[in-house]
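Chains as they are written, first to last, in the UniProt record's numbering: chain A, 1 to 210; chain B, 1 to 210; chain C, 1 to 210; chain D, 1 to 210.
Keep in mind that the hints were calculated from the coordinates and are not lab data.
Positions of the beta carbon are idealized from the N, C-alpha and C atoms, including for glycine.
Treat each hint with caution, since some may be false.
Stated by the list, open to error - To give an idea of the interface, some chain B residues facing chain A are shown, with a C-beta separation under 10 Å as derived from the structure:
1) R15
2) S17
3) E18
4) T35
5) L37
6) L53
7) F89
8) N121
9) Q127
10) L157
11) I170
12) M180
13) V196
14) L200
15) T208
Number of protein chains: 4
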Amino acid sequence: MSNISPPRKRRKEARPSELSAAALDLFVEKGFAATRLEDVAQRAGVSKGTLYLYFDSKEALFKSVIEDGVVPVLVEGEEIASRHEGSAFELLEKLLANWWAGIGETSFAGIPKLMTAESRNFPELAQFYYENVIRRGRAQVASALERGIASGEFRKLDIETTIDVVIAPILMLVIWRYSMACCQGTQVDPQQYMAVHLTLLREGLKRTQV
Amino acid sequence: MSNISPPRKRRKEARPSELSAAALDLFVEKGFAATRLEDVAQRAGVSKGTLYLYFDSKEALFKSVIEDGVVPVLVEGEEIASRHEGSAFELLEKLLANWWAGIGETSFAGIPKLMTAESRNFPELAQFYYENVIRRGRAQVASALERGIASGEFRKLDIETTIDVVIAPILMLVIWRYSMACCQGTQVDPQQYMAVHLTLLREGLKRTQV
Amino acid sequence: MSNISPPRKRRKEARPSELSAAALDLFVEKGFAATRLEDVAQRAGVSKGTLYLYFDSKEALFKSVIEDGVVPVLVEGEEIASRHEGSAFELLEKLLANWWAGIGETSFAGIPKLMTAESRNFPELAQFYYENVIRRGRAQVASALERGIASGEFRKLDIETTIDVVIAPILMLVIWRYSMACCQGTQVDPQQYMAVHLTLLREGLKRTQV
Amino acid sequence: MSNISPPRKRRKEARPSELSAAALDLFVEKGFAATRLEDVAQRAGVSKGTLYLYFDSKEALFKSVIEDGVVPVLVEGEEIASRHEGSAFELLEKLLANWWAGIGETSFAGIPKLMTAESRNFPELAQFYYENVIRRGRAQVASALERGIASGEFRKLDIETTIDVVIAPILMLVIWRYSMACCQGTQVDPQQYMAVHLTLLREGLKRTQV
DNA sequence: AATGAATGAGGCTTCATTCAT
DNA sequence: AATGAATGAAGCCTCATTCAT
Chain A
1 MSNISPPRKR RKEARPSELS AAALDLFVEK GFAATRLEDV AQRAGVSKGT LYLYFDSKEA
61 LFKSVIEDGV VPVLVEGEEI ASRHEGSAFE LLEKLLANWW AGIGETSFAG IPKLMTAESR
121 NFPELAQFYY ENVIRRGRAQ VASALERGIA SGEFRKLDIE TTIDVVIAPI LMLVIWRYSM
181 ACCQGTQVDP QQYMAVHLTL LREGLKRTQV
Chain B
1 MSNISPPRKR RKEARPSELS AAALDLFVEK GFAATRLEDV AQRAGVSKGT LYLYFDSKEA
61 LFKSVIEDGV VPVLVEGEEI ASRHEGSAFE LLEKLLANWW AGIGETSFAG IPKLMTAESR
121 NFPELAQFYY ENVIRRGRAQ VASALERGIA SGEFRKLDIE TTIDVVIAPI LMLVIWRYSM
181 ACCQGTQVDP QQYMAVHLTL LREGLKRTQV
Chain C
1 MSNISPPRKR RKEARPSELS AAALDLFVEK GFAATRLEDV AQRAGVSKGT LYLYFDSKEA
61 LFKSVIEDGV VPVLVEGEEI ASRHEGSAFE LLEKLLANWW AGIGETSFAG IPKLMTAESR
121 NFPELAQFYY ENVIRRGRAQ VASALERGIA SGEFRKLDIE TTIDVVIAPI LMLVIWRYSM
181 ACCQGTQVDP QQYMAVHLTL LREGLKRTQV
Chain D
1 MSNISPPRKR RKEARPSELS AAALDLFVEK GFAATRLEDV AQRAGVSKGT LYLYFDSKEA
61 LFKSVIEDGV VPVLVEGEEI ASRHEGSAFE LLEKLLANWW AGIGETSFAG IPKLMTAESR
121 NFPELAQFYY ENVIRRGRAQ VASALERGIA SGEFRKLDIE TTIDVVIAPI LMLVIWRYSM
181 ACCQGTQVDP QQYMAVHLTL LREGLKRTQV
């Protein structure tokens, strides 16, 4: 009893994330410019003015959406990479599965689409995203590729470029889901999609016997 | 005689596409909502009012940008597919090279980013784009995959899903170029990227010898 | 006993004037409309809500600022006028000195600027100020002028108009101090200013010898 | 006929001053913060948006009001001072009469009140006003005082301070007119006011015979 | 009595759209 | 055909005011 904080206080602390979450949905759906703060407020169940108790401006809210959505990500992946003991390809599988569970299946899955759509209008934020998300994600994939090439499991490929090619289908999957997937006839089954991607990777990366 | 027209007339007929071209750049850079018609007009060297002589509204201009950008595409690809006589993988290579030459290297390369960013705000346009671009592009890839599977050159894979996985890296390449590529440290070399992608595909699609 | 009250109680009773005092500074500095209650509260060291325990509205606070600032004024001047026995000009000097000590040198000195800036937005308040401050101040000056004219010390001048001319430089002095005096090069020395003003008055009012 | 520009053009050129004039009235009446641009637009007979064709912001409009109101002033005064040949006091009279005709009786007469009310919120503008109006006005009065003191017509007084005392009643007259004069019982007759002021000055400045 | 989170009306500003020239 | 001045709806943001604690 005594260690339960009063609801008002709990609300105060929870508010910023509630507002960010509401904003994320709308930014992903409509883009930054086309999203009205009134709609964000309404979705969060507060008034327009309340947003300004927690964020200085629409732009500050946008930054918080990205930064907050980015925080919980990519930490576990780094641990997975450092602890892994099996084959390089198994590591790759684990990393992609982890990303899928932590991002692809959560509400943060809309962030890649949002960042690609808005990065030119928010260059500093794009840079921040690159440093804190993309670079770290790529490093994880790099560790698997390097391990596989070093052990002879994978063929010799340019690491940096291969990273791009490996992660592109996965990014495209979530981008697609938050964009064209609203059209008829464009449904994609993520399970099957990932299965095919992994199949192609498994065989594509495998060192060709001489 | 036939290919010479008076400059005045040529100008008049060319206006709409000049305006569309100017608009494409800005829509790709800023998104639909954040693009100001004043800037479009200025880039095209006309006044704001002139835009309305050719387009009913900002939305109509946007549709024209997409539709104009779509017209010259994918026609040649279909001919390539129907005339092809070599291996299935060679066909795939030709198709991707054709797309790259006709879209990836032109100013239309920004359209995929634009469509993913705006499709939810323009569902009918997204549907149109899907029917006229995506479906046809996928059909071309499908014809190569089907041919390869039928001949035993490719392993058996779900066609629709494999199409997705095959084209995703290419779409991602151009999306990247018009978004995060503005950041430092994010440069991608398209030649090398395509080379790696094709390598992985070649080996990944190849039927595993029993 | 009589002059010691418990701090708690003193505080409670002192609150309204503390708040008025804080508000006066800001109203003088920024004007009524541009002053934010949040700033008033902060300067008084209370929360915004507390203001509403003592004042019904921003407008009520403004009225209180003026009315509070008006209370301690002009009482002594009337006594001075009624008790005076020397020359008319000496009375005039005493009255102006009294005003300067009671208003010109206190924090109430900003009120003339504030009233001139806001009187049109608060006509009833302006009327109140006129009745309770201006009219009484003018009456004091009038008594000195009348006495001097009656005794032949001063030349014959229209009393009402002369009052205006006599007090204008003094009002202007405090208005100036709270407005343009923030600029470089606009410093005025009140002592010297008053000395010159009195010199001009002494000679200007003196009846010309025939 | 041929040298009459088309109405549209004439309007375009006349607009800024029309808007400034409308804004001056309202700024003087209500102050900067309390004046709504919608009211300014309405008084000028245009829409709110039109203001932004000519002024970047409310603050820019305010600056223009002051700067435009300042331009036509004080030029003639300087010529009067340089051409004058009579007594010093006659010069002083001419200068004050000129100021009255050029400012005191025009719609610019509200500017002194406006500047005193807002100078603290617009320090650079206040500085500009000081440099371009106040300093020049004071210099004109200074030239009359110096001439009178040098010739023995005036008593010896500190020039700078005397300037203040000489112009204060005149400034106060227009400030009063645009502020408290809205109250009952506060009417001032400018002619009589100036007459008394000049009488006091004439006798007050005059060198006392030894 | 005091707080400060929350509200929502209202103002400044932008920009798609219109229309007289 | 082309212009660009003008409009006014709509969005961001501020801040006086309220009220649960």
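Hints, verified against the model:
Of the supplied interface hints, the one on R15(B) is violated, with its beta-carbon coming no nearer than about 27 Å to a beta-carbon of chain A, more than 10 Å. This hint is violated: S17(B) has a C-beta 24 Å from the nearest C-beta of chain A, more than the 10 Å allowed. Interface hint status for E18(B): violated, as the beta-carbon distance to the closest one in chain A is roughly 23 Å, over 10 Å. A distance limit of 10 Å between C-beta atoms decides the matter here; for T35(B) the minimum to chain A is near 9 Å, and the interface restraint holds.
Evaluation of the L37(B) hint against chain A yields a violated restraint, the C-beta minimum of about 14 Å exceeding 10 Å. Proximity of L53(B) to chain A is violated relative to the hint, the smallest CB-CB distance being about 26 Å (cut-off 10 Å). Nearest Cβ of chain A to the Cβ of F89(B): about 12 Å, over the 10 Å cut. The hint is violated. For N121(B), the suggested interface contact is upheld, since its CB lies about 6 Å from the closest CB of chain A, less than 10 Å.
For Q127(B), the interface hint holds, the least distance from its beta-carbon to any beta-carbon of chain A being 5 Å, beneath 10 Å. With 10 Å as the threshold, the beta carbon of L157(B) comes within range of chain A, its nearest partner Cβ sitting at about 6 Å, so the hint holds. Given hint, I170(B) at the interface with chain A, holds; its Cβ is 8 Å from that chain's nearest Cβ, closer than 10 Å. For M180(B), the suggested interface contact is upheld, since its CB lies about 5 Å from the closest CB of chain A, less than 10 Å.
With a least beta-carbon distance of about 5 Å to chain A, the hint placing V196(B) at the interface is held under the 10 Å criterion. Interface hint at L200(B): satisfied, since its Cβ lies 3 Å from the closest Cβ of chain A, which is below the 10 Å cut-off. Taking 10 Å as the C-beta contact cut-off toward chain A, the hint placing T208(B) at the interface holds, the least distance being around 7 Å.
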